Amino acid sequence: MDANTAIRLKDITKTFGPVVANDKISLEVDRGEILALLGENGSGKTTLMNMLSGIYFPDAGQIWVDGREVTIRSPRDAFELGIGMIHQHFKLVDVLTAAENIVLGLDQKGRLDRKKVAREVRAISEKYGFDIDPDQKIYNMSVSQKQTVEIVKVLYRGANILILDEPTAVLTPQETEKLFAVLRNMKADGKSIIIITHKLNEVMAISDKVAVLRKGKYIGTVNTAETNPQALTDMMVGHAVTLDIDRPMAKYHDLRLEVKGLNCRGSDGVKALTDVSFTAMGGEILGIAGVAGSGQKELLEAIAGLQKVESGHIFYYPPHPKSDIAGNHVPVDKAGEELVGKNPTQIQKIGVSLAFVPEDRLGMGLVASMDMVDNMMLKTYKESKGPLVDRKTPRALAEKLIEELEIVTPGVSTPVRKLSGGNVQKVLVGREIASSPTVLMTAYPVRGLDINSSYTIYRLLNEQKMKGVAVLLVGEDLDVLLELCDRIVVLCGGRVTGVVDARTATKDQVGLLMTQSAGKEAEA
Amino acid sequence: MDKVLSFVVAAVLAGTPLLFGTLGEILTEKSGNLNLGVEGMMFMGGVAGLAGSYYYEQAVSNPNPVVSVLIAMVCAILCAAFGALIYSVLTITLRANQNVTGLALTIFGTGFANFLGEAIGNTAPSRYMAVGNVTKDAFNSGIPVLQDLPVVGKLLFSYNFMVYLGILLAIVLAWFLGRSRAGLNLRSVGESPATADAAGINVTLYKYLATCVGGGICGLGGLYIVMNSANGVGGVWVHNCVNGKGWIAVALVIFATWSPARALLGSLVFGALSVMRLYVALGIPAQIYDIFPYIATVIVLVAVSMRRKRENQPPQSLGLAYFREER
Amino acid sequence: MAAQVKAAEHREPLVRIAKRTDISRGKSWAIRAAAIVLALLLGALIMLLLGHNPFLVYADMVRGSLGTQIGRRETVKIAVPLLGAAVAIAPAFMMKFWNIGAEGQILAGGIAATYFALFWADTLPRVPLLIVMFLAAAIAGALWGLIPAFFKAKWGTNETLFTLMLNYIALGIEQYLQNGPWKDTKGTGFPIIAQFASNARLPKVLGVHAGWIIVLIFVVLMFLYLRYTKQGYEIAVVGESEATARYSGMSVPKIVMRTMCISGAIAGIVGFTVVSGADYTLNANTAGGVGFTAITVAWLAGLNPIIMVFIAAFLAILTKGSGTIQTNFSIPASVADVLTGIILFAMLGCEFFIRYRLIFRGKGEHSNG
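Chains as they are written, first to last, in my numbering: chain A, 233 to 756; chain B, 6 to 332; chain C, 1349 to 1717.
A portion of the hints provided could be inaccurate.
27 angstroms max Cα-Cα, derived BS3-like pairs, lysine-lysine [to be verified]:
1. C/K1367 x A/K447
2. C/K1367 x A/K650
3. A/K614 x C/K1602
4. A/K529 x C/K1602
5. A/K447 x A/K256
6. C/K1502 x A/K614
7. A/K242 x A/K431
Residues on chain C that point at chain A, a partial pick, calculated with CB under 8 angstroms [what the hints assert, rightly or not]:
8. T1577
9. K1578
10. S1589
11. T1592
12. Y1595
13. G1597
14. P1601
It should be emphasised that the hints constitute simulated quantities derived from the structure, not laboratory data. Given the structure is predicted, the values throughout are model-derived calculations rather than measurements. Beta carbons are placed, not taken as given, at the ideal position from N, Cα and C, and that holds for glycine.
Hey, can you work out the whole structure from these sequences and the hints?
Dropping the structure here:
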């Protein structure tokens, strides 16, 4: 450890119940250096950084800041040591202004001098190249503006060590570039930056050093200049994997869903979808790409009958009579059955079989405190006769899923909230597939899952596609979408900016479509 | 004209205990704690304040009104704050359900006050816990000289000191929440404790302080009820004397949409509604007048929920416990 | 500066908290029992301060409430509405609909039953009259419960305060009836409602009015309803997450309104048993705070109706016993509320030690726990 070392961690360990989240991890970061903390979801990156920022307290291990050994017991301790963290979920108070959020918790007593704060905020913004209005309320801000407030907040507190948790997950490529420019300015100013990410291209673009974690263990640190994405992947996953996802061709390819001129507003009353039109075919996986919050959630919920539609149509067509899934359902109007204006139960009744795997698995798709049996019958409990619930059928289904999908659980009567993320997702996807759907919609199905579970999910989606199901897949990882899907619909700001063939499209092409400005330039 | 004046004065007097309860609960709720124990804390404050003055008068031969008033206020604040402290320990540290804990506090506080009031009364020769005229007058007289002015004297200066204290408190609280750094921190604790925590604010400390100080303020409302003689009896323990005013205060917090300034207006309106039957003849039975304040609250409740204005919504984390390492 | 001070010390926090992954049934009940004992010790301290021997006082409470047949009957009479109201509250709370309006729903039921007792007793024989009173009480309670549920379902109006306000509105209506149209004209001039005719009174079974049978039936029915019926399942899902309920095709507004009708109806029937079985009249004390205490009964029982039987019985023993010690030791009967409050605090607090465990400095257990 030389005099230029800003932070040093040694043998940091943290457990949550039976789970070892961090197992003897050691790290070093110098001043004026950007360290990328690389690892898959669930590898313990955020947990480790939360211990630096005082959210968690380590079970064992030592921390040095500027050469002195320290104990960080609370976020206050952390920022007194000059450590500031920008969390993935922004920690901002919605009803307060940017300036109020920035000065929150600072030690000064008495009256709040708004003018002085605004002045200081502007000074910081100019120094590093931010764009921010101190008097704007947070609930009126875009995601990238909120992130800016978070960073300014940390700098205002005089942080010399900045930790950013997956800062680019919610940004467009253009916004990401802007953020990186700011980070480089801060680095030149002598600040130390730790950026948590699992995106290799960003690691290569911004970092000086890369530290890799895998399943809670420290794998090693390398200089970015001396490595390449393939080597980093090897460190990250343990053995070389090319993202080798199957993309079989289905036997039948028939029109299943037709969305026409769909308009609707989100829960906050803001227009979420504008004039959205596309088709989804049976026997294909249709990817839906877009920056987070581009209307994906509203689109899926509108099709599922959960979201009020202002205008437009969603037509449903029954499966090809010769396909595997034909005959499961009451035939519907050949001219297309209108789904707009129907609630989920009605949609089920007319013989449309929609399975829907929502983004919020435990808050929407499953009941967290209930066991697998009770969760299996969530959509089918009405089918048995009489006023009593039938728990036999769902129990059998639960047992079948545990075996087929290798779900790790103490038993069918364990609350699903106690299962790991991957197993929760298997429970949910398994249940939806068991209803033998003709349309299967999933949102971020592999978020938070390890590689093995992810491949299980890909396999399940492909199986459905081969049966003739129309699969709609909202995803965030363009690499996956491009390898798994047949076609990709790109959403930006609630509009469809393009539909591309996933077999021929490039990542750049989709990335450009994901940003409105780029879309407009392309038109012009 | 005279009747209108009397009506306004009576409305202010009837509204003041509600004002204290409402201000105390606003402060509490701004920290994210929904304390349904206002009724219980008002009871506790009332009985303790009265007992304080009562024992002081027993102990000295020539009681001083200022000392007696101060003792009563300190006792009321401390005892009610103690009730709030029990609530805080249970809900903040031990993470018990806020609704149920608040109800338990109301049951406890009501029982505690009636028990103590009766038990102390049993030891008195008159079988009642009652304070003498020195204390009673101190709690019930207006501002000397000024109150004798025509019209304005009665309208503005005839109230007891606690009325002015309540108004001052509302102004101070409005400044505190809107303009001070500590107020800003408190609001962030109530809106998003995780955010406040990450910003280095001691969430637990803020919650404890706001809830206990808020409880103390509620206790002053109870003291006012016990000492005020506008309704005929004052300075004596009456069984079940708070009689639902604490619950109206909880409702008034919503009526005022968590603003101390609007709490002033709200408690005046509710005070007026509660004494209306004595001044405005509408040809309906007295008992029906009594339910006006409650119906008014229901109407406000429904109106607020229908309008859904961002600034009028309750603190976002209201009713929820905060645990930093929750996972 | 401050950072240097912090940096100098190297210590873990004194106590850390961790969620228990599992706790045995026996251990959790032992913690609860310890909490009750602690509460009773605190109560003993109060009695000591008043100059009484706590053992004698507690013994007298038990003797007064359980020692004699009359005492036992009185205790059961107190427990009946408490248990009934707790059962009424259970489905609403399961749905996380904070119905603190059982008080008003009891009164609404009592008022409806009283109407038939006062004005139809001459025309109807006993059995049909009691059935009509029962149904009227159920309907009135259901309607009183439905009002806040409707606004909650439609606009998300805060139900805690709405149901609370309805308590006072119901009480105002009762006071109006008692002072006006239903005032007993043959009486002493005091504003009271006349005693019911004999055919409007619930019969006695084993010395206590038949209300106890009605309430016990509801205990069993509610237990089965919540655990084994589709509606019970829907209530549990809505209570856990409205988003999930909507996702699975349930109509949340319908479920909220239906459940509050059931909750209110049972509370209304409790009102019927009070006016027709216990008091033979309607007055301001018909509900008498039962609706509030019942909430704590329901909550402490973990919303399990069977466990509510024991908790309601325990609180009834306290209440009856306090009445006894008021006579024998001249300790004010409000001591029942004080003791109830302390016990509630202890029970609410002890749940924490069932759900979490404390790790003290130096005893860092790192593996599972």
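Outcome of the hint check:
{"no.": "1", "hint": "C/K1367 x A/K447", "verdict": "22 angstroms, holds"}
{"no.": "2", "hint": "C/K1367 x A/K650", "verdict": "12 angstroms, holds"}
{"no.": "3", "hint": "A/K614 x C/K1602", "verdict": "15 angstroms, holds"}
{"no.": "4", "hint": "A/K529 x C/K1602", "verdict": "25 angstroms, holds"}
{"no.": "5", "hint": "A/K447 x A/K256", "verdict": "12 angstroms, holds"}
{"no.": "6", "hint": "C/K1502 x A/K614", "verdict": "24 angstroms, holds"}
{"no.": "7", "hint": "A/K242 x A/K431", "verdict": "26 angstroms, holds"}
{"no.": "8", "hint": "T1577", "verdict": "5 angstroms, holds"}
{"no.": "9", "hint": "K1578", "verdict": "5 angstroms, holds"}
{"no.": "10", "hint": "S1589", "verdict": "6 angstroms, holds"}
{"no.": "11", "hint": "T1592", "verdict": "5 angstroms, holds"}
{"no.": "12", "hint": "Y1595", "verdict": "5 angstroms, holds"}
{"no.": "13", "hint": "G1597", "verdict": "4 angstroms, holds"}
{"no.": "14", "hint": "P1601", "verdict": "12 angstroms, violated"}
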